[in-house]
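Visitor: Can you build the whole structure from these sequences, using the hints too?
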Amino acid sequence: MSKNQKSEAVDSVLIRRLYYFFEPYKWWALFAIVLTLTAAFLGTVRPKLTQIAVDDYIALNDIDGLIWIIILLGLALAGEFLVLIVNTYITRWFGQGVLFSLRNAVFEKIQSLHVQFFDRNPIGRLITRTTSDIEALSELLSDGIVNMIGDLFRIFFILYFMLMMSWELTIVSILVLPFLFYSTFWFKSKVRVAFLNVRDQIARLNSFVQEHINGIAIIQLFNREEKGKEQFEKINAGHRDAHIKTIFYFSIFWPLVEVLASLAMALVVWYGGARALMDQVTFGVLLAFIQYVRQFFNPIRGLSEKYNTLQSALASSERIFGVLDTPKEVVETENPVELKKVTGKIEFKNVNFRYNSDGEQILRNVSFTANPGELLAVVGATGAGKTTLINLLLRYYDIQQGEILLDGTDIKKLSLENLRNSFGLVLQDNALFSGTILDNITLGNKDITREQVVEASQQVEAHQFIKKLPGTYDFRLRERGASLSMGQRQLICFVRAMVYDPKILILDEATSSVDSETEELVSRACERMMQGRTSIVIAHRLSTIKGADNILVMHKGEIRETGPHKKLIRKTGGIYRKLYELQYKEQALDTASTA
Amino acid sequence: MDSLKKLNQYLKKYKGTLLLGALFLTGANFFLIWIPVLIRQTMDEVELLGEEYVGEYDSLFYVLFSSEAGGILAYNSFLLIGTVALYGVLLFATRQTLIVSSRKIEFDIRNKIMDKLLKLPQRYFAENTSGEIYTRATEDVARVREYFGPVLMYTINTITRAGFIITMMLIVNPQLTLWALLPLPFLSAFAYWVSGFINKYQLIIQKQYSRIAGKAQETFSSIRLIKAFNRTDYEQKRFELESDEYRKKKLKLDLVESLFHPTLNLLIGTAILIVIWQGGLMVMEGLITIGNIAEFVIYVSYLTWPVASLGYTVNRLQKSLASWERIDNVLNEPVEIRDEDEFAEEVFEDVKGEIIFDKVSFKYPGSTEFALKDISFTIPAGSSVAIVGRTGAGKTSLVNLIPRLFDPTEGEIFIDGKNLKEWNLTRLRRSVGYVPQETFLFSTTIKENIGFGVEEASMSEIEQAAENAQVLDNILDFEKKFETLVGERGITLSGGQKQRTAIARAIIKNPGIVIFDDSLSAVDTKTEAAILEHLRVKLANTTTIMISHRISTVKNADTIFYIQNGSIVEYGTHKELLKKEGHYSDMYHKQLLEQELAQI
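Read top to bottom, the protein sequences are chains A and B.
Be aware that the first sequence starts at 1, since it is given in my numbering, and climbs by one per residue.
Be aware that the second sequence starts at 596, since it is given in my numbering, and climbs by one per residue.
Treat the hints as calculated values from the structure; they're not laboratory data.
Quantities reported herein were computed from a predicted structural model and do not represent experimental measurements.
Please note that a few of the clues may not be correct.
Beta-carbon label-pair distances, calculated as ranges [stated by the list, open to error]:
(1) B:Arg921 <-> A:Ser12: 47 to 53 Å
(2) A:Asp119 <-> B:Arg921: 39 to 45 Å
(3) A:Arg204 <-> B:Pro780: 44 to 50 Å
(4) A:Gly302 <-> B:Gln604: 38 to 44 Å
(5) B:Asp1153 <-> A:Ser132: 51 to 57 Å
(6) B:Ser725 <-> A:Arg204: 14 to 20 Å
Calculated from the model, a selection of chain B residues having no Cβ within reach of chain A, i.e. all distances over 12 Å [as the list claims (entries may be wrong)]:
(7) Phe759
(8) Val767
(9) Gln913
Ideal Cβ placement from N, Cα and C applies to all residues, glycine included.
Guide: Okay, structure coming up:
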């Protein structure tokens, strides 16, 4: 009971929140309702007109009058036709409008959320929120509500015209309605259960098929083809029987509705016939009632179906608002300090970090300084915390203890845009989008000219290969840049970082996935990019960072060794030295295999 | 049309029921048309009576229950109700026969395709995406079902109902019939056009929908980059562009859909209007009665749905046939790896486990490059072999040939001196215990997963296998022990637990040959040592082939193969290979260093 009330309260909140997106269209909605009213009237007035035609003109042999009423009927028909089209289209149009803004709002919200939100939620789920959950509202918003109102109007008008002609016949013809209501509810409740079962069975069947396609090798290796077939037949039979059960309810319900409609007609003929004999009811009225009885059934059926639509729409909107209500965890300060000219000095002071308050310590007491123009390299095994340094520097996450300073200012005091604009970033996964090369480099920033792009790509020697592509900078990349080699993708990412002319350059494993032919090209590009910039380089290939001013050796969240290459390499038993030897082995292997 | 003939073979089994269903439906429509006829008769009789006895009927009670007129009314109404009831019962019987049969036929087809899928060689699964194959056994079958269900039922319904009604109409008045039917062909054509348009447009919309999802995926998965370059606004714009395109396409469909019902309404309304107009004129001339007009109005409304469904049915039929063709292709797919009849008889001697590769080369279907090149070796029965090499070198391709997941492109393979192709396939696979690289467990109990490949494995056998694979303690820690469900609906096992369960599944068969394809990668070194120790005792007489990246796993093998680009480039014992100072010894030293690093 209280649970019911509570869920009703939640529903009304959801509806109110949905209304916010609906608001801009409210006058259109009102117009649609007026149109619905008109259509309902024009549709239900026609049997009444046939009654007039029969009683006042046909029965009296009035040809002119008949033509006149036929024209009127034709007009009502054409009018209903036009109004219905306009009405349906308008409701769909604003329904799509609402969905459009909802979808965009969800996308905008997700994009604005902190990076940790993306760690916690699988991407598939986020996509569902922006696509199918919105889609589930479509039916409700595009014609659900307006149709419901239309159905009510129709019932009202039919009753009105019927009562106008004969209240007795009206009562006689709606005698079957209680049966219709009862059977509709019976059907709904039965079929809902049956449909749930069907859905389960379909899910079972589908997951069986899926699993057995994925595990086909195992099935064949273990000689389980026959067993699998037997199991499948059982599941398949369950699926079949669930369907047959729903067929049973349908094959009772639909004929029953037909029978009830015809029964109502029979009653009208019986009682109306008697009344006609008494000259109290005309044939025209009988004809009109026969039509009304059939018209009456549709809106009633329609109304009972809308309820389900409403239910599933509310479930989706709950999930949608769940996303829209997610609080941001990386919050910008309200009065940001603006750094106009960034020189590129970076300081970490006793930084400690963990993802969750009860989680593992990712960074322990990390302190270092990178001066403007310096090259700082970070090395260490996987999971040592190298990438975390960058995540913190760009404020993808906020630290719990310590301070991170850019040009002496705490990065929390800067606006996110100001902070992030100071960096040029090249990530390890070479993120490219479907679109032209130019778009991929400028990321749609109109302030960057084509000349700047060409200049930047000449600097990193990407121009040579780009100009050979069909359409050069307008060459369209397929998803994730699949048509290019790893090295080429890498170079494009370099150009992207360069056109923004950042003060600080960050390369995260930027050279790890490059084949040896392009490696030289890439490292030359790297060197050129680093000139005059503070650079932070995370690298597996130690050869690329030999020239670093300072190397941080990270191990299990701590800085274990610091210094330039020459100093670190001399330290026997040191981590850097081990890593270096390891690398050397790998490279020896590489050259052996390519030779 | 050839494929239609094949499809219709599935009807044979249910011929009787289907004929009965067609009969029921015809009967239903036969009774249906009596409703308007009875209404017309009643109205005509009332009109006659009214003219005969003007002013005599003044008490409702008298009229209804005692007069001659009352008798007629009651009789006609009774007939009407009887007819309606018969119509209802027959309609019920129709659905129970025709639609139920369609579900049964669906069941048959689905069994057939699943049976086929289970038997198809790995080649087929390499050539087709699992999504496509999945669609064959699910959606495509459902679409074919529509041919046997709705398509068949609506076709019979349209033909018989239209037949009866038009005949009856013609008997009453051919001229009015012509007038009344005038708008109906348009209705059919219009329904065909609309349902075709909807089908086509739904595909377009589906595509745009995937583009939205793709855009969301692209953005969300590169969120760090987008945030770093402050490009969220731009991404937002790009998303809204796709979102807007979706809205526009959807609205185009909406436009056609919003035409549908009003047009249906208009055409039916026009038919009724014509009936009243022309019928009215005829009544005035005394050619027909007002009862006839009522009758015709009902006829026309009875014809609406069958006529409209004609257009829709044709579209459905096209879709069903397209799906059927795809299914038929799967059913016709050759199964090249199977028992030849002459070798099919069961032989029950134990497999000793000697394996000989003789100049074996192998190419994946559709690939131009050889995955294995001219490989020859002999593995004595009962010995242990390790295969190492980089990812993509051909290690898995090599071991896949032994249980005939694929057949070599060139060369021959012998087990115990007998050509692999002469082995009974079931028996061969029973003798090979295989632990694949990607551990695949079925979503059932642990017990069933371990006993997967043996008929009626006893509990003690299962426990023993679990013990040998070092997973027994883990299983006993679960609340439901061996009855614990694995996978989506059950618990999630760790990578190592999964691997060890898969090992138990392979060794419970008491195989003559076991193959471990990098099957200990997720197991820590201590457990690994324990497993290897157990296996050494347990599998002392079993030929063991072990693929691994870890030196610790392979160093005790009798022979180690180092594979590169599909060829064996080094082989020998651990010691011999170290002395060679080639690939293997590089790998060894690298791992030593890594170990040292990890220990810091």
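Visitor: Any hints from earlier that this structure breaks? Give me their numbers in increasing order, please.
Guide: Violated hints: none at all, because every hint is consistent with the structure.
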